[in-house]
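Visitor: Listed here are the chains, written in short residue letters.
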Amino acid sequence: MRALVAMSGGVDSSVAAALMMDEGHEVVGATLKQWEGPDGSLPLHGCCTVADAEDARSVAGRLGIRHYVLDYVEAFEERVVAPFAAAYLAGRTPNPCIECNRRVRFRALLDRAAELGCDLLVTGHHARIREDAAGFHLLRAADPRKDQTYVLHMLGQDDLARIRFPVGEMTKDEVRAEAARRGLRTAAKPDSQDLCFIATDHRAFLRDRFAQVDAPGPIVDRDGTEVGRHRGAVGFTVGQRRGLDLALGEPRYVLDVRPADATVVVGRREDLLVDGCRVEAVSWVSGRPPEGGGVEVKVRYRSEPVPARLVPAGHGWEVWFDAPLEAPASGQAAVFSRGDEVLGGGTIEGVLRR
Amino acid sequence: MLYLDHAATTPLRPGALVAMEPWLGDGFGNPSGVHSVSRRAKQAMEDARERAAALLGAAHPLDIVFTGGGTGSDNLGVAGPALADGRRGGVVTTAVEHEAVLETARFLERLGCPLRVVPVDGDGIAGPAEVAAAVGEGTAVVSVMAANNETGARQPLSEIADAVRAAGPAVVHTDAVQAFVSEEVTAASTGADLITLASHKFGGPKGVGLLLAPRAVALEPVLHGGGQELGRRSGTHNVAGIVGMVAAMEAAAADRERFRRDVGEARRRFESALAAAVDGLVVSSRRDRLVQHSHLRFPGVSAESLLIVLDGMGLAASAGSACHSGATSASHVMAAMGVGADEAAGAVRFSFGWTTRPGDGDEAATMVLEALEGLQ
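So the sequence lines, in the order shown, correspond to chains U and W.
One point on numbering: in this note's numbering, the residue at position 72 of the first sequence is 1208, and numbering is uninterrupted.
One point on numbering: in this note's numbering, the residue at position 98 of the second sequence is 556, and numbering is uninterrupted.
Here chain U stands alone, though its shape is the one from the complex (with noise of 0.2 Å):
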């Protein structure tokens, strides 16, 4: 078959695009550009840099397959850039990752697949599918540290049917060791992070856009007393505990950001706590809901899934943890799972509690 990779310039889509190769693919390599400085030229820091590009590149040519730079600038500032800020000034931690790979990575990049008349996506993400006479499962990677699938819960049957992980059933040393082996020049490269320009530095990012992101305002306490003043309410997360530059002898956190008021909510520890969430935009990987309502869901990448309970609430799902947990992001992805599998999820509109 004929299968496009789509290759970062990291070790695990070079290693996933000669492993599609040595399983007598015809592969073509594609890099994106999603971001641009105002000359036209790729970012030099972070992810999707000039030199990435460079690395699959060099890859591609070592592997001996064509490879391209594909121009997705004006698609990742609509889709991804645009409503990220839009989001993050109403006082939402939006998660760029996941809808660039929902709507720049995997969307753009199946479509092109079917333009090119390439019948595979293959990337390098750690995670893994398989296919049963119910249909395609995504699992978790072999590799517990590594797994990615907290960016990919939004792939369904038609897209799980037509994507290659190749590397997901390896572990990240094994995949350094097979680059290594190929002498391909990505083998040590250190890890992305997973985060592009907009997550290193979002609060730059937002200010050469938005002049409301320095607007100062108060710091209040739950019941609305004021306890500090902060330069600019944009860019605070809930639960964050640094930055705020309060001295009230113990750790306050924030509980709540309003940018329309420019103010700031904070509280104790146990303040955060809490029983639940709203999730909205749900998708399944089975295209379904699980039968019964007992999950783990993630609600962020860093972090291990706890037991909850799905209940259907109008357009979404309310989801009960069994034992209460610090306060996620609204604007986060809410993953559902169980056991290795991953069921779906969808986009936190704000917290529950009893």
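Keep in mind that the hints were calculated from the coordinates and are not lab data.
Treat the hints with care, as some may be off.
[Unchecked claim] Calculated from the model, a selection of chain U residues having no Cβ within reach of chain W, i.e. all distances over 12 Å:
{"hint": "1", "residue": "Met1137"}
{"hint": "2", "residue": "Ala1166"}
{"hint": "3", "residue": "Gly1253"}
{"hint": "4", "residue": "Gln1293"}
{"hint": "5", "residue": "Leu1296"}
{"hint": "6", "residue": "Asp1309"}
{"hint": "7", "residue": "Asp1327"}
{"hint": "8", "residue": "Arg1365"}
{"hint": "9", "residue": "Ala1383"}
{"hint": "10", "residue": "Ala1396"}
{"hint": "11", "residue": "Tyr1437"}
{"hint": "12", "residue": "Pro1441"}
{"hint": "13", "residue": "Arg1474"}
{"hint": "14", "residue": "Arg1490"}
[Said to hold, decoys possible] Partial chain U-side listing against chain W, Cβ under 10 Å, derived:
{"hint": "15", "residue": "Leu1199"}
{"hint": "16", "residue": "Arg1202"}
{"hint": "17", "residue": "Arg1248"}
{"hint": "18", "residue": "Glu1454"}
{"hint": "19", "residue": "Trp1456"}
Each residue gets a CB set at the ideal place from its N, CA and C atoms; glycine is no exception.
We have chain U; now place chain W onto it with these hints.
Guide: Showing chain W alone in chain U's frame:
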């Protein structure tokens, strides 16, 4: 591989390769020296300079400045007059110039040189009256390309030069990088004071070019150093490159009539086959363009995807202008011509060259039609 990207670069002419060989071997000397090794290299270079001057109708061989390529020549041709004599002279140019001119003009603007960018019409062509109207008392240089690198659109250069001279004392520079291979380019034919050529566009080696620059035109150098080229372009001479370039110039000039015939026939067959089969196909700058460019706008097609499919089939073409990463980015030329972003996204440049045979046009059309079928 059917190579239809000659406007990006074209194969080395056999005569150029032969001419270069001695200067990559025993004749390795640096022309700026006193001994026989230097003298030999110097002689070859000055001989090449004389022949280049003759081809371009220069008054004197020393009116030829050898450079590191088209970009170096454009930088010197625009910044040289603008900054001469310690001035911050005004710059007038058009919206469709090559980046080597436009970015130099913007750099000069940051240094304090007033910049006027003249718009073009839907064919990418600037009006002589519009250019002249942009010229003021402080204008030091007017830079208008002979023909556009993307569409091949030819500017009415001698009319523009006449109109500019009537409007003020500005120096006229032209980037004739695309035009030279197929059209006569001389001081007289263009009416320009300064002319940029790039060796590899007409069959010479890469990394070398020239600027026709009469010694009477004051130029502030862009590269500072050992004072080669009468101080106008420092840097040790690329002797082999210079000799190869001039051999290619002569070969190209002698080959122009055949070039126009064969390439014209290939393009005619290519475009008529496509026009008959593709609804809504637009040929850019049809009104007046070089014989070798075929810039086509395919409605509803992603040029990026079309190029990838064509590459897979063995046809090399290009879209927009390539940046360092190799991604195709939105074209300022299309924008200046009033072509919308959606339409520009379906634009592909096929450019024919000296190795093109008339039948290549038929073959290319067949391949493009097959590629388009797969894309729908």
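Visitor: A separate judgement is required for each hint: does it hold in the structure or not?
Guide: Here is what the structure says about each hint:
no. : hint    : verdict
1   : Met1137 : holds (15 Å)
2   : Ala1166 : violated (8 Å)
3   : Gly1253 : violated (6 Å)
4   : Gln1293 : holds (25 Å)
5   : Leu1296 : holds (24 Å)
6   : Asp1309 : holds (30 Å)
7   : Asp1327 : holds (22 Å)
8   : Arg1365 : holds (39 Å)
9   : Ala1383 : holds (47 Å)
10  : Ala1396 : holds (34 Å)
11  : Tyr1437 : holds (28 Å)
12  : Pro1441 : holds (38 Å)
13  : Arg1474 : holds (39 Å)
14  : Arg1490 : holds (52 Å)
15  : Leu1199 : violated (16 Å)
16  : Arg1202 : holds (7 Å)
17  : Arg1248 : holds (7 Å)
18  : Glu1454 : violated (43 Å)
19  : Trp1456 : violated (46 Å)
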